[in-house]
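Undergrad: Below, each chain spelled out in residue letters.
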Amino acid sequence: MEIDLSKISLRPFKLEDADDFFLFAGDDQFTMNLRWKTLTSKQEALDHIKDVCIPHPWRRSICIDDRSIGFVSIFPFSGEEDKFKANFGIGVAVKYWGQGIATRAAKMAVSQFFVDFPEVVRLEAYVDVENLGSQRVVEKAGFQKEGVLRKYAYVKGKLRDLVLYSFLSTDFQAEAEGCLP
Amino acid sequence: MEDTSVVQLHQNKPEDECPNLSLRPLDVSDIDAFMVWATDEKVARFCTWEPYTNKEDGLSFIKNTVLPHPWLRAICVDDRPIGAISVTSNSGNDKCRGELGYVLASKYWGRGIATKAVGMVAETIFDEWPHLERLEALVDVENLGSQRVLEKAGFQREGVLRKYVVLKGRSRDRVMFSLLSTDHRPT
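Keeping their order, the protein sequence lines are chains A and B. Take 7 as the starting number for the first sequence in the working numbering and just add one per residue. Take 61 as the starting number for the second sequence in the working numbering and just add one per residue.
No lab work stands behind these hints: they were computed from the structure. Each hint should be verified, as a subset may be incorrect.
As the list claims (entries may be wrong) - Derived coverage of chain B by chain A (criterion: at least 3 residues anywhere in the stretch with Cβ under 8 Å from a Cβ of chain A; other residues may be distant): (1) 153-164; (2) 215-225; (3) 229-239.
As the structure is a computational prediction, the values presented were derived from the model and not from experiment. Idealized CB from N, CA, C, for every residue including glycine.
Pulled out of the complex, with its shape left as it was, chain B reads as follows (with noise of 0.2 Å):
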């Protein structure tokens, strides 16, 4: 007699979703689907940038600040970007540190798809900036989605840094995070 009840032998995971997921340079031809999230105000909730509202603004921030940037990535699905993620570097004295932020378009949220990107520049991003010793993140107090995302990705939490930043005319406190080169990273 077959059981009435149905287990799944291959329960889909959230990553699974999203299989083929890569890095890759972002270009100007790419300006369709940067538009995508760059528009989006729940995208733009805790960054500095107001939502774009006109392709030439985008285009100028592609030439201007993205192919200039020292480390930056589109997070692709099928080779179509859908957000971006990138490392900032220091000279001198802070050169052991670079900054991590992203964005993904709120349509991909909450199915691991940030979590799995920021693993992946944290496995290369030590091997390709040997002086890199500290990779860290400061997270909105009231982000949680992305405070969760770090701590998957294998990040530790230092603190709350009070009134670190003044975003869209408000101070705002952040969480800070990091992962050190010598720290375990989940693969």
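Isolated chain A (complex conformation) (with noise of 0.2 Å):
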């Protein structure tokens, strides 16, 4: 199923996406590299939407036709000294990967956060060394590979290798102006 990229849009997350929601986040692959549980039910969906997606300072719906089938999540850290840094994450619904979807939304998100919170320098994207689909759609939406961190943290009980990934407001700026590819 080939999707004219041009129909993938950012908005907000409404409690009306619960359906569509459950959909992608009661699937364990979409979960599987992510903190969160795999959704067991429409009410977690619609409780997600309501205690997570609304509140969050900056999560969209990646939306076909204003149907939700994926998040971006970028999220400032807290504290006078982390502030201008942020944690960017990305799931699009399995059904939809290998298209480019998830590296539109992306490029889309950066874009959109950099103007939305200027005092952020450094966005950050911790990959796990085993999701190549993920390490690609960041490298393609322009975040620079910074290194492996071995054994950084704990995801799903597991201890994990991370690639870090940056990308930063000068690159945004840089890329605004035509000077990178």
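Since each chain sits alone in its own frame, please combine them into the complex, following the hints.
TA: Right, here's the structure in full:
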């Protein structure tokens, strides 16, 4: 099923997205590399939207024709010392993998985020070493690979090596001015 | 006939200049020794703090940060503190990780003391904290001396993290180093 990437849009989550949310977030493959537990009911989806997505500082639904097929989250760190940094996360419904949708959504999210949060200088994405798909997404979206952090953290009870990527607000400005490909 | 060139059979290694190195807790009674490095702008250069200007601030730091710290030791020569070394702890999904930091009075730089102190910590911290898998350290890109300390102590350089911290109003790049409990550690 070829998707016209110009139909991809980002918008805040609504309670009405619960059914669509359950469709993608109820899949173990979708949540495999996330800290979330796979959702087991539409009620859990509704609760997740109400308690996590809507109050979130910057989470957007990735939509095709305004129907939710994934999320992109950017979470600024708290505290005076760290508020110039933020953490990037993304997930797209498994049935839509491999079509460039996550990459398109990531690019759109980064552009919008640096406008909404001008004090953030550094966006970070931590990707499991074995998650090659997500590594390609962030690389094509313009993140720079900084290194592999060995045994960095537990995700779902397993100690992981994580690849650290960054996207700086200065990278974004350079790209916008046409200095970078 | 005697050879006119003198051959030193026992070449003094820099490490031998300060053989009596030990680690012990740092206390308020160490305030004068603490002030020696804490007031030194060379020491503070890549640290988050400005050089201390008075003893009260030094005592506050010892009471509020040093004493409750999960793991902090004075680096001592002949039981006199000449610096400090510490490891932070984390909880939950991050408990596998601790961050190493150290300071040394500038008069003692260049003699392998920091390298030796880091080695001493690496020898014991994984046994004291069995949940620790990874000891990491973030060093300023311009702090070549400290990068050498970690390399000599067996840490692996993992990459440069761009604009990782804001230090004294400026963004700084940091180099990430790590030592795993499973890595071979030089003795």
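Undergrad: Check whether three or more residues of the stretch 229-239 of chain B sit with their beta carbon closer than 8 Å to a beta carbon of chain A.
TA: holds (count 3)
Undergrad: Checking C-beta pairs, does the stretch 153-164 of chain B have three or more residues closer than 8 Å to chain A?
TA: holds (count 5)
Undergrad: Please verify the coverage claim for the stretch 215-225 of chain B: does it have three or more residues whose C-beta sits within 8 Å of some C-beta in chain A?
TA: The restraint on the stretch 215-225 of chain B holds, since 9 of its residues have a Cβ under 8 Å from chain A and three suffice.
Taken one by one, the earlier hints all hold for this structure without exception.
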